[in-house]
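Number of protein chains: 2
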Amino acid sequence: MTSPFVAGPPVRIPGASHGPLAGLTFAAKDLFDVAGHPTGGGNPDWARSNPIPTRHAWAVQRLLDAGATLVGKTITDEISLGILGENPFDGTPLNPKAPDRVPGGSSSGSASAVAQGLCDTALGTDTGGSVRVPASFCGLYGIRPTHGRLDLTGMLPQAPSSDTTGWFARDARTFARVSEVMLDEAIPAALPLRLVVAVDAFGFADPDTTEALRPMVDALTKLVSGVREDLLAPPGLSVWGRAQRTLQPYEAWQTFKAWVERDNPRLQFSVARGLTLGSAIPESERQWAALMRAEARARLAWLLPPGTILCMPTTPFPAPPRSLSLPALEPVRSRILCLAAHGGLAGFPQVSVPGAHVDGLPVGLSILGARGSDATLVAVARAMEAAR
Amino acid sequence: MTSPFVAGPPVRIPGASHGPLAGLTFAAKDLFDVAGHPTGGGNPDWARSNPIPTRHAWAVQRLLDAGATLVGKTITDEISLGILGENPFDGTPLNPKAPDRVPGGSSSGSASAVAQGLCDTALGTDTGGSVRVPASFCGLYGIRPTHGRLDLTGMLPQAPSSDTTGWFARDARTFARVSEVMLDEAIPAALPLRLVVAVDAFGFADPDTTEALRPMVDALTKLVSGVREDLLAPPGLSVWGRAQRTLQPYEAWQTFKAWVERDNPRLQFSVARGLTLGSAIPESERQWAALMRAEARARLAWLLPPGTILCMPTTPFPAPPRSLSLPALEPVRSRILCLAAHGGLAGFPQVSVPGAHVDGLPVGLSILGARGSDATLVAVARAMEAAR
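The listed protein sequences derive, respectively, from chains A and B. Numbering-wise, my numbering comes out as the position in the first sequence, counting from 1, plus 1. Numbering-wise, my numbering comes out as the position in the second sequence, counting from 1, plus 1.
These are calculated hints, taken from the structure and not from any lab test. Being a predicted model, the structure only gives us computed values, none of them experimental. One or more hints might be untrue.
[To be verified] Taking beta-carbon pairs under 8 Å as the criterion, some of the chain A residues facing chain B (in silico):
1. Trp59
2. Gln62
3. Leu65
4. Phe90
5. Gly92
6. Arg263
7. Arg267
8. Leu268
9. Ser271
10. Ala273
11. Thr277
12. Pro328
13. Val333
14. Ser335
15. Arg336
Just so you know, even glycine gets a beta-carbon here, dropped at the ideal spot from N, CA and C.
Between the sequences and the hints, there should be enough to build the whole structure, so can you do that?
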């Protein structure tokens, strides 16, 4: 099984001697700049054609300043274009909770390193699900913050209108400590009053996954004073999925076009195919998707006023097997991305909470809230752990 | 500069002790099976997922039986999908006649090895120009035989309706010796009577290339008793090019689909893009191209009755620079493929003859003849060398 860390000289940068995270260790996905080390981006031709950074990424500096010690850079899907965590160049990190399954991606190595206990927390990125999905598959706490809230300086972008920096932890206490630092906000004691159960999302998941999550939903229900069922995506999760899978590859092509056209790099076939298809998206499709994004934002703003949270399965099933053929993989990937699309589309914060299992494999429950309610979502995750 | 041979344990298989090619050495493009050695196909994931062959390819066995000694396997563009000879996994073989230029592909290593004097002849494959183009760029004799004439057993296919096995040599005498063995036919003393000068092809080439080839055309004219000018492709070389660039990628996708879908291999972006676009060719386009192929075959059959040959530039210009960006490369590749498309489309034999230079860079003159006239074309090449 492959190490979650990228090959090369060891990376170890001590954190500040005093600070709220003193004593903690962390790793950073190989999309974050660490001064003096190449930013590999999960692809040998990316590393080769980009200069070695001279400054730490904002998120790395933030954790170092708070006292956490950087202990490694972690494997990512190539240029973050993947959701399963299988990288043919750097290897596929172990999912210790499901060793014959994928770890989930693209923040595969960060999730694997935390799940294996090799560090306390780890930085990832989430554009279309890249923190939430591996958190679900590896049984971790993981956050996709409100889009635009954190400084992304020094993080390799993919689709800027969807890109976020997130992080993982094994337990809610560590998750809350790290979140306080990253969000620069205390985790509140007060909890939300109202809960929306996204019935379309629970119906979209496999029945055994929905069934496995039921006790977590019941526990969550006990923390609030009012519960109702509603649709997350009235036009359909697949329609939102299609919109995100239009906007994101289109933007990814804009991001990587200059590099691809200059260097003609080696890429996994599915990644190159995605870029090729992204380059061919008609303007009419992109305009349709932009309108759907506006509607999705409006829907979530209406569903999630301050004081209301929403719960849904993070993924429609636990981690799938490794090395699926492309025809077998495509419907699996499509379903994962449909259930994650609202994140990149609307930019609302989401925390995935571990605690359920299907046939011994972890699967996460996600909590969404209003824009800016990130700390409240972390508080909910902490309260759920305390209630167990 | 990169060796023309693939990495790995040395390959050396002595030929039969007696035979018409005794004393000659040869190399085989890494698409030909050599018993006991992996057939790499120019891609690490191809080599890994295919068994080591237990028998030599027909063409390899043919040369060994005739007394030639195999001295190595040569670099190819990935799964033969390239025309410039730049392979990011195995490296780009040196073009000794133009060290800062590409060698041409996909039979890049075979052309490079012969041009460097590392062997006397070398096997290549030509589907859309993969022997003719490197022969032109490296200043070699090279043949694309009549489609369907030679046994292709043990040769990795690409687009079976266009695939052929060809070979290179530095001088016409060696070229004739090897051709006699491969074609199983004596090279005749009698020469063709009539010559067609393909005015559209000479017009399609760069003016300095056409000018550089003029003395060769004049010399060829002296060998025949009648000369006329005519069009190779009345609908346009670009129309024939489009037909070939429809049929060939469509067939290539059929050939590699099972492997690509099973293994999701690493590929150069341009190769993966070509396969992706090949997978998306509409049936209506394919049907149009099939009709155009029928017309091209009829045109060449009418132009080239027995006793008539046609001459044209092999390539529209000498070898282009290495490492062009994709936007700069695409028009270069398109023009090369337009001037080579008739080969894969119609299946007529063609020999590229060296002897011209543009700014010191080699460029070849091609001689085409009727189906089955391969030996006559080799005789013409020999007569041109003798007349110099």
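Hint-by-hint comparison with the structure:
1. A distance limit of 8 Å between C-beta atoms decides the matter here; for Trp59 of chain A the minimum to chain B is near 30 Å, and the interface restraint is violated.
2. A distance limit of 8 Å between C-beta atoms decides the matter here; for Gln62 of chain A the minimum to chain B is near 33 Å, and the interface restraint is violated.
3. The criterion of a C-beta within 8 Å of any C-beta in chain B is not met by Leu65 of chain A, whose closest approach is roughly 34 Å, and the hint is violated.
4. Hint on Phe90 of chain A holds. Least Cβ distance to chain B is approximately 7 Å, under the 8 Å limit.
5. The interface hint given for Gly92 of chain A is broken, as the beta carbon of that residue sits about 13 Å from the closest beta carbon of chain B, more than 8 Å.
6. Restraint check, Arg263 of chain A versus chain B: the minimum CB separation of about 5 Å is within 8 Å; hint holds.
7. At its closest, the beta carbon of Arg267 of chain A sits 5 Å from a beta carbon of chain B; the interface hint therefore holds under the 8 Å criterion.
8. Taken as an interface hint, Leu268 of chain A checks out: its beta carbon lies about 6 Å from the nearest beta carbon of chain B, inside 8 Å.
9. Satisfaction of the interface hint for Ser271 of chain A is found here, the shortest Cβ-Cβ separation to chain B being roughly 5 Å, below the 8 Å cut-off.
10. Against a cut-off of 8 Å between C-beta atoms, the interface hint on Ala273 of chain A holds, since the closest Cβ of chain B lies about 3 Å away.
11. Hint on Thr277 of chain A holds. Least Cβ distance to chain B is approximately 5 Å, under the 8 Å limit.
12. Of the supplied interface hints, the one on Pro328 of chain A holds, with its beta-carbon coming within about 6 Å of a beta-carbon of chain B, less than 8 Å.
13. Interface hint status for Val333 of chain A: violated, as the beta-carbon distance to the closest one in chain B is roughly 13 Å, over 8 Å.
14. A distance limit of 8 Å between C-beta atoms decides the matter here; for Ser335 of chain A the minimum to chain B is near 16 Å, and the interface restraint is violated.
15. A hinted interface residue such as Arg336 of chain A counts as satisfied when its beta carbon comes closer than 8 Å to some beta carbon of chain B; here the least separation is about 18 Å, so the hint is violated.
Hints 1, 2, 3, 5, 13, 14, 15, counting from the list given before, are not met by this structure.
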